[in-house]
Structure formats: structure tokens, C-alpha cells
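Undergrad: Spelled out, the chains give:
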Amino acid sequence: MEKIISIKDLNYTYPEAKRSAIKNLSLDIYKNEWLSIVGKNGSGKSTLTKLIDGLIEADSGTIEVAGQIINEENIWEARTKIGIIFQNPDHQFVGATVEDDVAFGLENQGMPREEMVKAVDEALILVKMADFKERDPQSLSGGQKQRVAIAGVLATKPQIVIMDESTSMLDPDGRKTVLNLVQQLRSQQDLTIISITHDIEETELSQRIVVLNDGQIVSDGKPEEIYDLGADLQKFGLEEPFTSELVSTLRDTIKLPDGYLNEEELKEQLWKLHSNM
Amino acid sequence: MGRYLPGDSLVYRLDPRGKFLLTFYFVGIVFLANNVASYAFLLAFVIFAVFLSKINFGFFLKGLKPVFWLILFTVALQLLFTPSANPLWHWGIFTFSKEGLVIAGYIFIRFILIIFISTLLTLTTTPIEISDSIESILKPLKKIKFPVTQVALMLSIALRFVPLLVDETTKIMDAQRARGVDFGEGGLIKRIKSFVPILIPLFVSSFSIAYDLAIAMESRGYKDGEGRSKYRVLSWDRRDNIMVIFMAAVTGILLFLRSY
Amino acid sequence: MEITFEHVTHSYNPNSPTANLGLDDVSFKIQDKKFTAIVGQTGSGKSTLVRHINALLKPTSGTITVGDRVITPETNNKNLKPLRKQVGMVFQFPESQLFEDTVEKDIMFGPMNFGASADDARESAHKMIKLVGLDESLLEQSPFDLSGGQMRRVAIAGVLASDPETIILDEPTAGLDPVGRQEIMDLFKSLQQDGKTIILITHNMDDVANYAEEMAVIHRGKLIAQGIPQEVFNNQELLKEDLLTLPKSAAFAKELTEKGFSFEKLPITINELGTEIEQQLNGD
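Chains as they are written, first to last, in the working numbering: chain A, 243 to 519; chain B, 15 to 274; chain C, 125 to 408.
Take the hints with a grain of salt, since some may be wrong.
[Stated by the list, open to error] Taking lysine-lysine and the DSS-like style, the derived pairs with C-alpha atoms no more than 30 Å apart in a straight line are:
no.: 1; chain 1: B; residue 1: K153; chain 2: B; residue 2: K79
no.: 2; chain 1: A; residue 1: K360; chain 2: B; residue 2: K79
no.: 3; chain 1: B; residue 1: K79; chain 2: C; residue 2: K229
no.: 4; chain 1: A; residue 1: K464; chain 2: A; residue 2: K514
no.: 5; chain 1: B; residue 1: K185; chain 2: A; residue 2: K375
Please keep in mind that the hints were generated in silico from the structure rather than gathered at the bench. In this text, all values refer to a predicted model and were calculated from it rather than measured experimentally.
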């Protein structure tokens, strides 16, 4: 697999803070993978995002984005490869209307207007918001605003999209639409997705989960490996998966295989037991 | 004046720069009117413009509401204090005369004209179009190194966040009312004090919005406003030329009626 | 206190070209000392509904009775303090209401507005900060130096400090991590067990199943269902029309019925579901 981000021995301490936010962290992220980063509030997740995008500067260590170690000179170029969807839909909507907002990143790149008009339309079609082109943000739901934010990021054709708790302020419908959209776009646009989240369902969509605690990686594996932690997951800011909670209430009286079972697997097991009765 | 009202008509489609400048121009020539004929003519023009906009007349009347007392006060002042050689009625310092009545009438119509025409501008032009117009009009100032594009972006972001801050204010007010704050009760000091629990949270959230927005803008590649292209363009069409010519004709007729 | 809505309609911007109905002829009762959940899609009118209980909003028509207090369209803004002392309200993201220079003063703000003496209010602040799971030493700090989760707890303490009989919660756990979420929900449950009436607005159906004894479903300003969660989550019409999502356990049980399993009523909590599965598999 091809690496797209490679972090080595990264350290960061906020000015005036006593403890470091990121401690000696090394992490490789691969092309087209969907990586979830989980951890309690204050574990360093958002700090890591800001470091990757060069929004804050590391005390030591290196970050390589698409084959280039980022530094002050090339940071603007690195940023064109990365798009971030932030948590609060209202706080990242720059434009007065949907189309203006999508165009913002392109204007920054100095793209000629004719190309821009095309790029904005294409991006809005991708997120299914073309009908809302001329609407102002006040008239949109949270989920719709986040879709516009995604369009704004896609328009600049990034290779990496970071979702920094971008579904945490949405209602269940909004969350579902945004996640389905991201999943679809990942394969369609060959994107690498890094999602920072507390939402167990969001991590189910990813291929790999990294657990952060106190600025360090304490666990790194496939979702089913991480879910195997069961009730311990709560310590890392993730709720216990529904199936492992159910399995632990059933284990006393019903024989089930060891390890984590997802919903489909658990259903199959229960149906099998039922038909053997 | 009013908030932008989504719609479509000739007035909506006019170039905002033209609308913006001609509105100011019209407010200027209102002061040239000096007799019944010229005021009647301008009133007819404004009513015609309102008709062209296809907007419900009620929205224009609503525009009068905030300045209702100011109009009433000014008109009353003219009615009662215009000096006259042969007053119809006289009591102490008050004088009521035919001249006073005429002047009060003119002032009333002047208010109506100015408010209706500016309401027409704000109802049919989005804030962002107005900010674009200002940017375009100020463009020559770039020559003297005035940061026109930055100022325009600042203005459009400010406009974008006004409704958000209004919502935030309502929410904070509700939260403090639920905690037992009475706004608008008690003496002046108490009233002023009751705004502290609103202003501080509002400042705090404005700063947090500003911080988040700055980070979001930087992550989307906003450097310092240099080398940016522009998505919005304003286009000056034939109908805008027609509007300017029409306005010149209005001025001509007005000047003729003045000496009529 | 029992809370009764009788034909309550609320119109935003009445008599204007942009008028729209926030509530449409809502009549129902919220029972004293119970835990009631109010659910519905975003914009359905849940927040409008609860804002009538402490008269932050007044009905366009209809009446709301809170204990012996009656709120009508004519109710004026004077003398609402006794009502607002009885009905505490935790707003969405309540940390944005903090403004004092110390945590202690901020928690004391509500009680003092409602006429408590400084000593009583301070005592209450010390009690409440512990109740919401924070250390007393935080009382001397500025609320703006705390973490987001701590600020949330301070804001909640500030509402509880006035000792309201009814507590309205508008998505109180939004944006918190799972541990914080559960601690806060458990706190509200224990307050109810101590005799408070709890009204919770939420999108989280598992919270409804786990904590609420009563629920009401609002859709486009209308009350479309009310009852105990067991019953409402088994209301076939609502589910068919997609007006209600199921708690995870009920959704899983429903899928189990595809092969072999059958449930007289869909279980809504993990424990109920576990018991049902055991019974059906062990054949007793």
C-alpha cells in the first residue's frame, strides 16, 4: 500500500500548557484508506489534525504529505492536498450563499472564473446540493451545511479529507446523509479519509481505528480488533458497540463464539441457535 | 428599510452597482423638489418603481414603522412652528398656518420618497450584492494602496455572520431569562446591568466563531487576499443603461417642474 | 407539578407575509415527577413547545397550566419569576450562557435572581458543583478556563442551583463524549428519583428507552403520539410512516424476526432484548 501521510516522532505542547498535547507520535496513513482517530476529549485528536494541515507548527518531528515533508515554504501547497470539514457547520461557512462558499477555496487558488463556475457546479452535484446553489446558509439544515462544506473541499480536488468531529453537531438524519456521502465519495474520488470521532457507527465505516490517549497512540487496528476491547472502549471516548453489550448479557446462558461479532454475524449466530432448537 | 426578500422582477435583475448609486442619486434629487407638481411627479416615479418590483406594498409600509415617530415629530414641528404672517390659529408659542401645512406635507412626502426608494434597494438587493457594489465602486482606491478586496471580504463576512449572532443573542437572552433575569425592568442602572449576562457570552462566542472561521479559511488556502480570483461578477446590461437614461429624464422633468 | 397544554397554537411572525406555525393545536399532559422524553425531527417544534412551559414564548392561542399557574396569550412579562424558579431549563450547548468571572458566582446567579440570600446561593453552589461531578476547587476559577465538558457541567449546576421542581433539558448531552454523556444522563435520572419532574428533548432513542417513562412525538408542530416508550415504539403506523426511529435493541429485534424469532412487543433496551432472546432460545 502506498503511504499518503507519514508522521515521525511528532511532539507538540501548547504555549503555556504544562503537558504536551502530542508525545512522540508516529503514524502512517495509506492512500484511499478510511482511518478513524478516536480518544477522549483532550487526548490530542484535534491537535493532530491542525498539525497535519500546518495550522500549528510542531515542536519536533516530521510530517510527510504525499511524499513531501511539510515546512513553512511548501505548506500552502500541502494544504491544497488536504481538505478539512470542521465540527461546527456555522463556523466554517464563509460565503454568503452556497455557491459562493464552494467557490471560496478556488478563489484562493486564483482559478479563472470560467473554470470556477464549472468546478462549483460539479462539486455541488457530487454532494447533491445543486438545487440549493443560491440559498443562504441560514436557510439550510446542519447536515446540508456540512454537505456544502464537503463540496467546498472537493472543488479544490484534495487527496485527503479530514473530518474533525464533523458529524457531532448533526441530528441523526443529517449524520447518516453526510456519512453515506463520504463513503461514496471515497471510492468515487479515490480519497483518503481521516475521521476524528466519538461515534461508533462512524468508525464502523472505516477500515482502521487509531486510539489516542494523552497524545500517544495506545491502540491501532481494524475496527473488529478495537471493538474487542468491549466496555474498555469508554475509557477512550468511544461507546461500547451495541452487539458487544448484547453479547455480554447473553454469554451467561447462551454459547456464542469468542471475540467481537458485528450485527450480521450475531444475527447469523442467533438464527443458527434458533433453528437447532 | 427591510431585509432582502427573494423574488424576481426587472428591479431585481438590475445591476446592483447601478441600483446602489442611483438610489443615492435619487435621495439627492428629492431635495430639488419645491412645489406640488414636482413632489407629485417624484411620488409617481417611486410608485411606478414599487410597481415594477412586483413586491407586496405591505413590505414598504413596514419600512416606515421604525421611523414612524421621527416622521410624526418632524411633521408636527413644521405644522406648529412654521412662522407665518397670517396664521389660521395661534396659541402661545404655537402657530398653525397654511404655509406650515404645506411645508409639513412636503416633508412628509420627502420621508416617504426616501424610505420607499431605499426599502426598494434593500428588498431587491442581497447584502452580498451591495458589498460587491461597494467593492466595485471603491476599486479606483486600489491605486492608493487601499485594501479594497480585503475590506470587501470583511464586509461580506460581517454580513454573513449578522443573522448567526442575532440567533445567538436570542438564545443567550432566553437562557438568562430562564435563570431569572428581567430585561427592561427596574431603574436605568439595573437595566444596564441586566445586559452584562448577554454581552459577555456574546463576546465570547463571537471570538470563538472568529477563531474557528480563521482556521477554516486558512485551511482552505486563504492567505492575505493577494492573487485571488473572483467568483461573483457583476454585469452591466442594456437595461442598466436604460435605467440611467430614464433617471436622467426624470431629472430633466423635475428641473422643468421646479420652475413651473 | 402537573403541566397541561390545552389547544396550544404558536405562530411565528403572525400577521406577516412570512408567518408560520411553530405549534398547531397541541393538547397533552406532562405528569408530575415523571421522566418525559419529547422527540421529533429537527424543526418539528419540540423547542418551541418546551419554551411555553416557562413562558419564554407565549401561545398565540390556547392555555398552558403549570401547577396553579396559567399561561395564556394575554400573560404579561411581569411576575414570571416564581414560574421560572419552578421550571429550570438547560438549553442546547448551555455553556454559552456562562458569563461571571468565577464558577461560583455563575452558579449563584440564578438563585440570587430568584431572591436567595448570598449565603444560601453560595451553599447551593458548593452542593451543586459536587452533584455535577466536579471538584469544589473549580469554584474559584474562571469558567472560561475550563474544558468544554466542565463548562457544560457548570452551566447545568447553575440551573439546578435554583432548586427547580421541573427541569427541562434540550439535548443536554450533544457534543459530549460517551462517558460524559452517560454520567450526565444518570445525574438527571437520579434527580428524578429524588422527586423532580424531568422533560428531555432528544434525538437519541436509546436514551428515551433507557431513561424515560413517558414520551411524546412531535411532527410539524403537532403532537402525533404520546405514551410509555414501550407502546410508542411499537406503534406500527408511526414506524411505517417513518416518523420515528427505533432504539438499537428494537431495530435489532425487528431484524431477528426475519428468521425464527418472534416478539409480541419489540424490546427497547438491551436487557429486555437479552432476556427475550434467552427465553426464546432456552425454550422456557
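Undergrad: Quickly compare the C-alpha distance for K153/B and K79/B to 30 Å and report which way the hint goes.
TA: violated (36 Å)
Undergrad: Given the hinted pair K464/A and K514/A, is their alpha-carbon gap at most 30 Å?
TA: It holds: about 26 Å lies between the C-alpha atoms, which stays within 30 Å.
Undergrad: Given the hinted pair K185/B and K375/A, is their alpha-carbon gap at most 30 Å?
TA: holds (29 Å)
Undergrad: Can the restraint linking K360/A and K79/B be considered satisfied, given a maximum Cα separation of 30 Å?
TA: violated (44 Å)
Undergrad: Can the restraint linking K79/B and K229/C be considered satisfied, given a maximum Cα separation of 30 Å?
TA: violated (41 Å)
Violated hints, in rising order: 1, 2 and 3; the structure is consistent with all others.
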